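Asks: Residue numbers (our numbering), protein chains in the order written: chain L, 1 to 337; chain H, 1 to 328.
Treat the hints with care, as some may be off.
Negatives, chain L to chain H, calculated, CB over 10 Å [as the list claims (entries may be wrong)]: (1) 45; (2) 102; (3) 167; (4) 213.
Covered stretches of chain H, going by a simulated chain L footprint (3 or more residues, C-beta under 8 Å) [what the hints assert, rightly or not]: (5) 93 to 100; (6) 208 to 219; (7) 317 to 323.
In short, the hints are calculated from the structure, not lab data.
Predicted model, so just to flag it, every value in this text is computed and none were measured.
Positions of the beta carbon are idealized from the N, C-alpha and C atoms, including for glycine.
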Amino acid sequence: MKGDDGVSDTDLAPERLLRLYRDMLLIRRFEERAAELRMAGLIPGFLHPYIGQEAVAVGVCAALGPGAALTSTHRGHGHMLARGASPARMYAELYGRRDGYNRAKGGSLHMIDTELGFLGANGIVGGGIPLATGAGLQLKRTGVEDVAVSFFGDGATNEGAFHESLNLASLWKLPVLYVCENNLYGEFTRQDRHQVVKDVATRAAAYEIPGVIADGNDVLDVRRVARDAVARAVAGDGPTLIEAKTYRHRGHYEGDMGRYRPPDEVAEWLARDPIITFGARLVGEHGVSQKALDGTATEIERTLDEAAAFAEASPHPDPEEALEDVYTETHEGMALR
Amino acid sequence: MRTITYAAAINEALAEEMERDGQVFLIGEDIGESGGVFGVTRGLHARFGDERVLDTPISEEGLTGAAVGASLLGGRAVVEIMFSDFSMLAMDMIVNQAAKTHYMTGGRLSAPVTIRLVTGTAGATAAQHSQSLEAWFVHAPGLKCVAPSTPADAKALLKTAIRDQDPVCFFEHKQLYNAKGEVPDEVEPLPLGVGRIAREGTDVTLVSYLKTLQESLGAAETLADEGVSVEVFDPRTLVPFDRDGLRASLEKTGRLVIAHEAPQRGGFGAEVAAFAAGECWDLLRGPVVRVCGTNTPMPYAPELEGFVIPDAERIARGVRSLVGAGVA
Ligand SMILES: Cc1ncc(C[n+]2csc(CCOP(=O)(O)OP(=O)(O)O)c2C)c(N)n1
Ligand SMILES: [Mg+2]
Numbered sequence: 001m002k003g004d005d006g007v008s009d010t011d012l013a014p015e016r017l018l019r020l021y022r023d024m025l026l027i028r029r030f031e032e033r034a035a036e037l038r039m040a041g042l043i044p045g046f047l048h049p050y051i052g053q054e055a056v057a058v059g060v061c062a063a064l065g066p067g068a069a070l071t072s073t074h075r076g077h078g079h080m081l082a083r084g085a086s087p088a089r090m091y092a093e094l095y096g097r098r099d100g101y102n103r104a105k106g107g108s109l110h111m112i113d114t115e116l117g118f119l120g121a122n123g124i125v126g127g128g129i130p131l132a133t134g135a136g137l138q139l140k141r142t143g144v145e146d147v148a149v150s151f152f153g154d155g156a157t158n159e160g161a162f163h164e165s166l167n168l169a170s171l172w173k174l175p176v177l178y179v180c181e182n183n184l185y186g187e188f189t190r191q192d193r194h195q196v197v198k199d200v201a202t203r204a205a206a207y208e209i210p211g212v213i214a215d216g217n218d219v220l221d222v223r224r225v226a227r228d229a230v231a232r233a234v235a236g237d238g239p240t241l242i243e244a245k246t247y248r249h250r251g252h253y254e255g256d257m258g259r260y261r262p263p264d265e266v267a268e269w270l271a272r273d274p275i276i277t278f279g280a281r282l283v284g285e286h287g288v289s290q291k292a293l294d295g296t297a298t299e300i301e302r303t304l305d306e307a308a309a310f311a312e313a314s315p316h317p318d319p320e321e322a323l324e325d326v327y328t329e330t331h332e333g334m335a336l337r
Numbered sequence: 001m002r003t004i005t006y007a008a009a010i011n012e013a014l015a016e017e018m019e020r021d022g023q024v025f026l027i028g029e030d031i032g033e034s035g036g037v038f039g040v041t042r043g044l045h046a047r048f049g050d051e052r053v054l055d056t057p058i059s060e061e062g063l064t065g066a067a068v069g070a071s072l073l074g075g076r077a078v079v080e081i082m083f084s085d086f087s088m089l090a091m092d093m094i095v096n097q098a099a100k101t102h103y104m105t106g107g108r109l110s111a112p113v114t115i116r117l118v119t120g121t122a123g124a125t126a127a128q129h130s131q132s133l134e135a136w137f138v139h140a141p142g143l144k145c146v147a148p149s150t151p152a153d154a155k156a157l158l159k160t161a162i163r164d165q166d167p168v169c170f171f172e173h174k175q176l177y178n179a180k181g182e183v184p185d186e187v188e189p190l191p192l193g194v195g196r197i198a199r200e201g202t203d204v205t206l207v208s209y210l211k212t213l214q215e216s217l218g219a220a221e222t223l224a225d226e227g228v229s230v231e232v233f234d235p236r237t238l239v240p241f242d243r244d245g246l247r248a249s250l251e252k253t254g255r256l257v258i259a260h261e262a263p264q265r266g267g268f269g270a271e272v273a274a275f276a277a278g279e280c281w282d283l284l285r286g287p288v289v290r291v292c293g294t295n296t297p298m299p300y301a302p303e304l305e306g307f308v309i310p311d312a313e314r315i316a317r318g319v320r321s322l323v324g325a326g327v328a
């Protein structure tokens, strides 16, 4: 799925459309099954499910070439899968096994795939924003025509790191896409209780960069907005702030029942499920058969069965491995214990 | 006497201090209606309202700075840092501002703020949600540092911290929140700098605090069966530190082991060891032993985490290494 072929939305072939559908559904099912695995005691750490926001990750990643660099958040599985990561190695990491992406050292909050330019989920809200800015700086310094992408939430835009980064990127015209996934909550706090602005995109005005709103539940709309931002960045015109309006279907993390959210609000957003609505559009408007959608679903279950089996079979780390990887090079006198 | 949890004890201290002094207010992320990620402030918003329990945006530097700033004008803010790791985003306000205010103004101004730092691992919480950062704050002159290990101490010392005229960092261990202990019906503030003997013994003094204190008590129990009598010393506050209390214990035992969850290098244990080596040299019958977290970030997988953090078994091994062939 990585790589934009330059085809505009209206011209996307059914196979490409089906691929977007598949990627969203893969994320959905990956997360649902991860929650079950956690309940079953197989995953020990935190999980912040991406369920409901799939169109954002998939839409943005569909606009990127293979050389893009990405930073993510605590809710990072969707970004990583949309970029093409291996569900098997992701589950192995969540299980805390040796074949995991981070060799069992990171877990959900710190997962990376450097080959995909995926510089990591992040346990620190806002932590990825300056890092993507630096990735953009490095692309620019070395004359690479590509972009850096930072995903972050509405809540993260209240961190100082957001302001400092956008100011730098604007000043230096860095090729960065700042993608705010506004899911209306930062943890248990509604957006109107953590910031006065409704549209995070308006904050772009402070840096004289474009601030664009996308329907975060419409994968094609997200893709369209992201493609424009990529074109602008690659042309040397600097960063864009994209605000994708969306919603997380579940609690902040697995275990949070999300009771602070009004039921009718939840129902309204569930009715706009990005995957169901896109599936219906594919069948209704793009000549994709229901059979093709069902086949995609079956294939995904098989992939995830295999992924979970891979994780299960992967060896536990040897406890002493805790001492490895602190430094790339360990010197005498640097006792690790 | 009642038996309540460490979290409940902290909650009570906050409520009682808010009742006592209208200037006391709470500030932090999701501490209001939702009662905090660990439920420590549950019920306080309903009782004291928006004006006294301030839910903030995710803005650690801003919220900590606001607390410090309010304290300059007489407010008594109690900050909750949801995971102590996030204090790193507020270090300017804590270390460059609050810690030094009294000194650099020649004593004309002080910043009596209390910063509650939620410390240690909760189990597979990995590198950015598990740190034990107390040594960072101990190292900044101007900050007082409190690390209670029991519900009773948590309640009493939080009252002390809130009333103190200086900035106080108050470390709470996540895995202690559900730990229960006896708490008197009426709790008076305890003075800072007075440790306690958590278990009496004659062969070795074991200094420990927070969650590791429980592990140390477990180790002492095991060692008692082996004929080694361990005295467990809980300093309760790291700055100021109860030197006299430790010295008195060393007079009995002549041996010192220090255990904490934070990485060993530059940890608080180094400070205790240096004090003992420098000022209790006459009392020591052997080298000082530290049993601490490894000098690594916190890994995710449970078996890796278990390797990093000292448990009762590892602490017992540390003590055995010191008493060696037998206790003389
Ligand atoms: C610096 C920092 N502060 C607080 C937290 C705790 N925390 C984790 S996620 C989160 C909410 C983030 O909200 P938002 O940015 O909107 O992302 P969302 O969870 O909605 O995807 C908070 C407060 C953290 N991990 N890091
Ligand atoms: Mg959000």
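Asks: All hints are to be evaluated individually against the structure, with a verdict given for each.
Replies: The hints, checked one at a time:
| no. | hint | in the structure |
| --- | --- | --- |
| 1 | 45 | violated (4 Å) |
| 2 | 102 | violated (7 Å) |
| 3 | 167 | holds (16 Å) |
| 4 | 213 | holds (21 Å) |
| 5 | 93 to 100 | violated (count 0) |
| 6 | 208 to 219 | violated (count 0) |
| 7 | 317 to 323 | violated (count 0) |
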